[in-house]
Amino acid sequence: MTKSISRRRVLAGATNVVGAGTLLSGLPLRGLAQTPKPITVGFIYAATRNDFGWNQAHAVAAKRIAQLPGVKLIEQERVPETVEVERVMESMIQLDGAKVVFPTSFGFWPFIQKIAPKYPDVLFVHAGGLWKDSDPKNTIGYRGYMEEPHYLCGIAAGMMSKTGKLGFIGSKPLYFIFNNCNGFVMGARSVRPDTACQVVITGDWDNPVKEAETVNSLVDQGVDVIVANVDSPKVAVETAERRGIMSCGYHTDLSALAPKGFLTGAEWNWAKAGDFVQAWQTGGAYPNLFRGGFRQNMVAISPFGKNVPNNVQDSVLAARQGFIDDTLKLYKGPLKDNKGNQVLAAGQEIANTDNPFKLSVKWLVEGAIGSTGLQ
Amino acid sequence: MPATAQGPASRDAQPWPRRERGFSTDTLESLLLSLIAMAAAGLLFGVFLAAQGHDALAVYRTLYLGAFGTRFSIESTLTQAAPLLLTALCTLIPARVGLLVIGGEGAVVLGGLGAALAGVALGGASEVVGTVLTIAAGALAGGLWIGAAGALKHFRGVNETISTLLLNYIAIALLNHLVSGPIRDFSQTLKAQSWSIPKGFMIGNIPGLSVHWGLLIGLVVCAALHLLVRHTTFGFAMDILGGNRRAAQMTGLPIGRLILIPCFLGGAAAGLAGAIEIVAVHGAASESLVVGLGYAGILVAFLARQNALAVVLVALVLGGISASGGLLQRRFDIPHAATTVLQGLIFLCVLASGTFRGRLLPRRWAA
Numbered sequence: 001m002t003k004s005i006s007r008r009r010v011l012a013g014a015t016n017v018v019g020a021g022t023l024l025s026g027l028p029l030r031g032l033a034q035t036p037k038p039i040t041v042g043f044i045y046a047a048t049r050n051d052f053g054w055n056q057a058h059a060v061a062a063k064r065i066a067q068l069p070g071v072k073l074i075e076q077e078r079v080p081e082t083v084e085v086e087r088v089m090e091s092m093i094q095l096d097g098a099k100v101v102f103p104t105s106f107g108f109w110p111f112i113q114k115i116a117p118k119y120p121d122v123l124f125v126h127a128g129g130l131w132k133d134s135d136p137k138n139t140i141g142y143r144g145y146m147e148e149p150h151y152l153c154g155i156a157a158g159m160m161s162k163t164g165k166l167g168f169i170g171s172k173p174l175y176f177i178f179n180n181c182n183g184f185v186m187g188a189r190s191v192r193p194d195t196a197c198q199v200v201i202t203g204d205w206d207n208p209v210k211e212a213e214t215v216n217s218l219v220d221q222g223v224d225v226i227v228a229n230v231d232s233p234k235v236a237v238e239t240a241e242r243r244g245i246m247s248c249g250y251h252t253d254l255s256a257l258a259p260k261g262f263l264t265g266a267e268w269n270w271a272k273a274g275d276f277v278q279a280w281q282t283g284g285a286y287p288n289l290f291r292g293g294f295r296q297n298m299v300a301i302s303p304f305g306k307n308v309p310n311n312v313q314d315s316v317l318a319a320r321q322g323f324i325d326d327t328l329k330l331y332k333g334p335l336k337d338n339k340g341n342q343v344l345a346a347g348q349e350i351a352n353t354d355n356p357f358k359l360s361v362k363w364l365v366e367g368a369i370g371s372t373g374l375q
Numbered sequence: 001m002p003a004t005a006q007g008p009a010s011r012d013a014q015p016w017p018r019r020e021r022g023f024s025t026d027t028l029e030s031l032l033l034s035l036i037a038m039a040a041a042g043l044l045f046g047v048f049l050a051a052q053g054h055d056a057l058a059v060y061r062t063l064y065l066g067a068f069g070t071r072f073s074i075e076s077t078l079t080q081a082a083p084l085l086l087t088a089l090c091t092l093i094p095a096r097v098g099l100l101v102i103g104g105e106g107a108v109v110l111g112g113l114g115a116a117l118a119g120v121a122l123g124g125a126s127e128v129v130g131t132v133l134t135i136a137a138g139a140l141a142g143g144l145w146i147g148a149a150g151a152l153k154h155f156r157g158v159n160e161t162i163s164t165l166l167l168n169y170i171a172i173a174l175l176n177h178l179v180s181g182p183i184r185d186f187s188q189t190l191k192a193q194s195w196s197i198p199k200g201f202m203i204g205n206i207p208g209l210s211v212h213w214g215l216l217i218g219l220v221v222c223a224a225l226h227l228l229v230r231h232t233t234f235g236f237a238m239d240i241l242g243g244n245r246r247a248a249q250m251t252g253l254p255i256g257r258l259i260l261i262p263c264f265l266g267g268a269a270a271g272l273a274g275a276i277e278i279v280a281v282h283g284a285a286s287e288s289l290v291v292g293l294g295y296a297g298i299l300v301a302f303l304a305r306q307n308a309l310a311v312v313l314v315a316l317v318l319g320g321i322s323a324s325g326g327l328l329q330r331r332f333d334i335p336h337a338a339t340t341v342l343q344g345l346i347f348l349c350v351l352a353s354g355t356f357r358g359r360l361l362p363r364r365w366a367a
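Sequence lines, in order, name chains A and B. When we follow my numbering, the leftmost residue of the first sequence carries the number 1, and every step to the right adds one. When we follow my numbering, the leftmost residue of the second sequence carries the number 1, and every step to the right adds one.
The hints are simulated quantities; they were obtained by calculation from the structure and are not laboratory data. Fair warning: this is a prediction, and the values are worked out from it, not measured in the lab. Treat the hints with care, since some could be wrong.
To be verified - Here are the computed lysine-lysine pairs in the DSBU-like style, where the Cα-Cα straight-line distance is at most 30 Å: (1) A:Lys362 - B:Lys191; (2) A:Lys165 - A:Lys336; (3) A:Lys358 - B:Lys191; (4) A:Lys210 - A:Lys118.
Sequences and hints are given; from them, build the entire structure.
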């Protein structure tokens, strides 16, 4: 199974300098001068590591963190979101001597909160910005502003679409899904103002049958680019490819699944956690809560598909530079939601790091067809 | 019919099962057969590992380390074994009357649901009463669930294996329906789960161990049901029915009661396991109840050859295997499914070993 990852990695590096650049930029390079003390890092996944989705994104990060000096990686997959994960964490700590644990599933958080105080010499890193001041100091919550790479996907989709109709498939009616959807739609409309995007919320993190059905019905309605915000967008991307339309990825690099229609994808850069591991290793400072977009190097985009022309790539990369330089704001007025209500007046801007605003997003922007599914 | 092949029915066509004091030839043979079957499975798994390019001996050493090697390992093994003690009884007790019940999974789910609902409803009760009633409600729910399959068998002739298997799916669907709507706690956004039972109803760990009280409850229930099956007239009557239904009818035994009560008891044991999952671990009903405890229990019951005391040993072995599964995965990069392969091999070897029953040792009581 590791063979397929390395093949994709090789592909990414060989065929796309940009992609390779984003990969390398995530590698923390400090601390190479002297070999720090050895440390065992444990990764725990809720499903298989090769799911072309959430888990794979973490497994890719784990591989990169394992390359840091002195780091030994241990991994365990298919750990249910039950008390079982407590046992796995403790087993890693007690039997393998792990000093940093990454229980990667969102639902592992309550169990981390329970176990962490018992092991003050172990760092617990959780993918999800759930950390509060009352939580143990040896825990970290971190998360990326995925709406930014979705905005870039939207630009690619808007420029590449022939029909001007896009499709967004969401899993749960949750704020970050709405933000991603808004980013995607606003990105597309920034290059093609008449773009419309059908929004479908399936209600499940993982429901391949429904996802495939949704893609099929979107294609029948004339949609020619889709992005799926589900645990593993594999089925959606493959269905899109089979139906001859284009797709954007989510979580991790999915270009191998759609050689013809893949544009680019919104990726996490979970390997940023290498910084936390090194801090723990050397007794340095680390944040308990870390959120970021491109500027903080917490998100990335997938290597472009081979059918994406240079002018599209240039527009996408220019916008990415805008996020890095903080000259491009995701939410800025005038902005209306898709029911015609004004959200932001002309001249009003929301900082890209304004998390409370993003948490409060319960609406879809103008151009999105469909509802949030919230009452 | 594996159940009868393991159970008293295979004692040829004798109308009366032998009742022996002490360590009988049968018991010795059962023990030997189980050990041989386990060894054969271990050997096969070793071949499987070697074919995958692993050092089988190193894997077994790690398996031992993860299961029994350290205090932590032993505690995880005991924790894994605790629910299996009870879910095994769901197959074991009805098997004494010749029924093959595989509905442990559904009974666990129903037990969990019953306990969660009772716990919530009993909100104002005192802690001891609340805990006891919560657990009892779970056992009752599981008992009625499998008891219903027994009733279908007795009154309508519905095959209990098929009906209990299908009841598993119904139970899981019922759970999913209830926790995603009617009894869902909407303040829990991460996961669909029912309302939580009061904190005071939760039972903690056995002092000095990080293993919950469910282990002790499981041991007591195993011992109690062993006594019932082996040392009471009711248990004797069960054996007669299991050995030869005609003979049981001829003797005027109450067939209906002899089918319904063991089904109820088996279901109650599995329901108890579900209830303990609620009061000792989760605090609320959710999909976390559906983790294969019931199915693992079937394996335990078969390995224990329908002996409620042997269940304890077997549950420890299987608990140890699952406790060390993670360690094997981490140390050798053996996929998660490998421990399932080992369990499957053990199951197959035990089934196959049934064919040697009666041929292994000279019979003292040749008919």
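Now for the hints, and whether the structure bears them out:
With a C-alpha separation of about 20 Å, the suggested pairing of Lys362 (chain A) with Lys191 (chain B) holds against the 30 Å cut-off. The hinted pair formed by Lys165 (chain A) and Lys336 (chain A) meets the criterion: a straight-line CA distance of about 19 Å does not exceed 30 Å. In summary, the hint linking Lys358 (chain A) to Lys191 (chain B) is supported, as the alpha carbons are separated by about 22 Å, within the 30 Å threshold. The suggested pairing of Lys210 (chain A) with Lys118 (chain A) is violated, with an alpha-carbon distance near 42 Å, which exceeds 30 Å.
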